[in-house]
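Here the protein sequences line up with chains A and B, keeping their order.
With the first letter of the first sequence counted as 1, position 236 gets the number 236 in the numbering used here; the numbers rise by one all the way through.
With the first letter of the second sequence counted as 1, position 132 gets the number 132 in the numbering used here; the numbers rise by one all the way through.
It is worth saying that the hints were derived from the structure and are not from the lab.
No experiment lies behind these values; they were computed from the predicted model shown.
Straight line, CA to CA, 25 Å or less: simulated DMTMM-like cross-link-like pairs of lysine to aspartate or glutamate:
#1 B:K36 - A:D282
#2 B:K36 - B:E59
#3 A:K36 - B:D282
#4 A:K208 - A:E41
#5 A:K36 - B:E286
Sample of chain A residues with no beta-carbon within 12 Å of chain B, all distances over it, derived:
#6 V25
#7 D27
#8 P45
#9 M49
#10 P78
#11 L119
#12 S130
#13 H164
#14 D193
#15 N212
#16 E287
#17 R301
Cβ coordinates follow ideal geometry from the N, Cα and C atoms, glycine included.
Number of protein chains: 2
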Amino acid sequence: MSLRPAPLDIAPVRAFLQGLQTGLVRDLEAIDGAAKFVGEELALPGGGMSRPRVLQGGERLEKAAVQFTHSVGASLPPAATERNPHLAGRPFQATAVSVIVHPLTPYAPTAHMNLRFFLVDTGDASTKGSHWHFGGGFDLTPCYPFLADVCHWHRVARNAAGEHYEAMKQACDEYFYLPHRGETRGVGGLFFDDWREGGFEASFALAKAIGNAFADAYLPILRRRLDTPWGEREERWQLIRRGRYAEFNLALDRGTRYGLQSGRRVESVLASLPPRAAWVHDHRPEEGSPEAALMGFLAARDWLGSEGPD
Amino acid sequence: MSLRPAPLDIAPVRAFLQGLQTGLVRDLEAIDGAAKFVGEELALPGGGMSRPRVLQGGERLEKAAVQFTHSVGASLPPAATERNPHLAGRPFQATAVSVIVHPLTPYAPTAHMNLRFFLVDTGDASTKGSHWHFGGGFDLTPCYPFLADVCHWHRVARNAAGEHYEAMKQACDEYFYLPHRGETRGVGGLFFDDWREGGFEASFALAKAIGNAFADAYLPILRRRLDTPWGEREERWQLIRRGRYAEFNLALDRGTRYGLQSGRRVESVLASLPPRAAWVHDHRPEEGSPEAALMGFLAARDWLGSEGPD
Numbered sequence: 001m002s003l004r005p006a007p008l009d010i011a012p013v014r015a016f017l018q019g020l021q022t023g024l025v026r027d028l029e030a031i032d033g034a035a036k037f038v039g040e041e042l043a044l045p046g047g048g049m050s051r052p053r054v055l056q057g058g059e060r061l062e063k064a065a066v067q068f069t070h071s072v073g074a075s076l077p078p079a080a081t082e083r084n085p086h087l088a089g090r091p092f093q094a095t096a097v098s099v100i101v102h103p104l105t106p107y108a109p110t111a112h113m114n115l116r117f118f119l120v121d122t123g124d125a126s127t128k129g130s131h132w133h134f135g136g137g138f139d140l141t142p143c144y145p146f147l148a149d150v151c152h153w154h155r156v157a158r159n160a161a162g163e164h165y166e167a168m169k170q171a172c173d174e175y176f177y178l179p180h181r182g183e184t185r186g187v188g189g190l191f192f193d194d195w196r197e198g199g200f201e202a203s204f205a206l207a208k209a210i211g212n213a214f215a216d217a218y219l220p221i222l223r224r225r226l227d228t229p230w231g232e233r234e235e236r237w238q239l240i241r242r243g244r245y246a247e248f249n250l251a252l253d254r255g256t257r258y259g260l261q262s263g264r265r266v267e268s269v270l271a272s273l274p275p276r277a278a279w280v281h282d283h284r285p286e287e288g289s290p291e292a293a294l295m296g297f298l299a300a301r302d303w304l305g306s307e308g309p310d
Numbered sequence: 001m002s003l004r005p006a007p008l009d010i011a012p013v014r015a016f017l018q019g020l021q022t023g024l025v026r027d028l029e030a031i032d033g034a035a036k037f038v039g040e041e042l043a044l045p046g047g048g049m050s051r052p053r054v055l056q057g058g059e060r061l062e063k064a065a066v067q068f069t070h071s072v073g074a075s076l077p078p079a080a081t082e083r084n085p086h087l088a089g090r091p092f093q094a095t096a097v098s099v100i101v102h103p104l105t106p107y108a109p110t111a112h113m114n115l116r117f118f119l120v121d122t123g124d125a126s127t128k129g130s131h132w133h134f135g136g137g138f139d140l141t142p143c144y145p146f147l148a149d150v151c152h153w154h155r156v157a158r159n160a161a162g163e164h165y166e167a168m169k170q171a172c173d174e175y176f177y178l179p180h181r182g183e184t185r186g187v188g189g190l191f192f193d194d195w196r197e198g199g200f201e202a203s204f205a206l207a208k209a210i211g212n213a214f215a216d217a218y219l220p221i222l223r224r225r226l227d228t229p230w231g232e233r234e235e236r237w238q239l240i241r242r243g244r245y246a247e248f249n250l251a252l253d254r255g256t257r258y259g260l261q262s263g264r265r266v267e268s269v270l271a272s273l274p275p276r277a278a279w280v281h282d283h284r285p286e287e288g289s290p291e292a293a294l295m296g297f298l299a300a301r302d303w304l305g306s307e308g309p310d
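Take these sequences, add in the hints, and give me the full structure.
Listed below in structure tokens is the structure:
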């Protein structure tokens, strides 16, 4: 493992994330078969760049957003550095890809992925002049409980995260949790933040493995569920579940809260919201129904143990 | 004006709020003409009582909630007393009515009303043994800009609040504001908190005037707009506007945040959420359309000045 100083050049991370965006846009357009991603490319101050890509009203994907940003700032906002207050006010760069897919069919799960890299010019020789970390992960939110899908998702996650799978899975279950409902947002996956383990090269390799694994984890599930017919009952349930998704993102998600407070472009911050949602007062799924069975999936569980190793 | 000590008996306030609930339930059922409010009556510890009333899927009201609660607690939670930290841990009572109406037609505005009374046993002779205040108000959220409706609403508000109208209207505009959108939630109304002005009797009289004014302010507007035919275009716009409503309630509303954090019954805390909502990425109403004209209503404005005194 190399322990050379963190490079101040963000370019390789940016190039990887841009490539990830390009690939996912292509894959998701192929799956939808009709709608295209649209979005401009916006130059940001200091050499940064934002490239939002959003698909809406597709034949099979009701909404998908695959957003790339590279921000360059002269002074790190205090809200961005709660854990590292000494970095506030320093020059920084951040680059990230954020992905959300809300399929039209209630049988295909919603998926979310985020990868970000953060680089701060500390101006302090003791840290070799820079602080950096990776963060991100991916998580899955089904409306219907297909054990095979969830096991596949977690198998791919484990293969990507290796020895870090257990910790990252636990962090994911803890983060995507609605305490007022007593349920997780979905069936989890991977979550990591402030990641520097093993130095830059090892951390970047892990981030790449996780980023590349997202398509392997999600697209087979998506393809498998797209052609199942559904009716009003399933759609109604999907909209209720999407209401929970909106609850999490608006009331609990740190990234959304920070984005709204920091004056970022609101359409980007809220791109993850479901295209439609519903709240039904005191809704309780019928006992013994597939909808009721989903509730058993919305808690931290060992998804791989029951299946045994693959 | 009487300056007698605040009575420790919460009964008259509770009786007024229960009567307000009963009247509004009756009025709204009459307007809907088909659906009924449902809900149990729950005894709470210490002699408190909760009486939620929710109507869903009506012919003309898609959702309405008129909730009464009277809580009696041995120890005031710190989160309830940010402005009066010395009251934390003291015995308290709180009684409130909370109203939300989401009509089916996009041409009728959503309305919200809340009245609450708070009584804390300070155990301190210098305050005659108790701290109390009133809070609440009402606000209107249209999808379409009918100046006559808004002027009527604010005329009734002014008549109820009297000399306090300007301050309560300003507080309402400031509170129901989405900074990330740069727009108010609706066209405002009245908002007050920690209200003790002129002593208990004057404050209670003002709270009663505002509570009683809600039906006068809202029901004529509701009746006037219920029979206008609408189509897909109006419904789509309504769902987008309801998305903003959900954004405010989930991401910004202090009452909702406190309710979610304090472990109150989630169905009550979130009863104000719209039954359906939508988020359309980067939606912009057509220039010159009624939808675009609404945006001119979503900022603090003097609604009475343009009309002159009535």
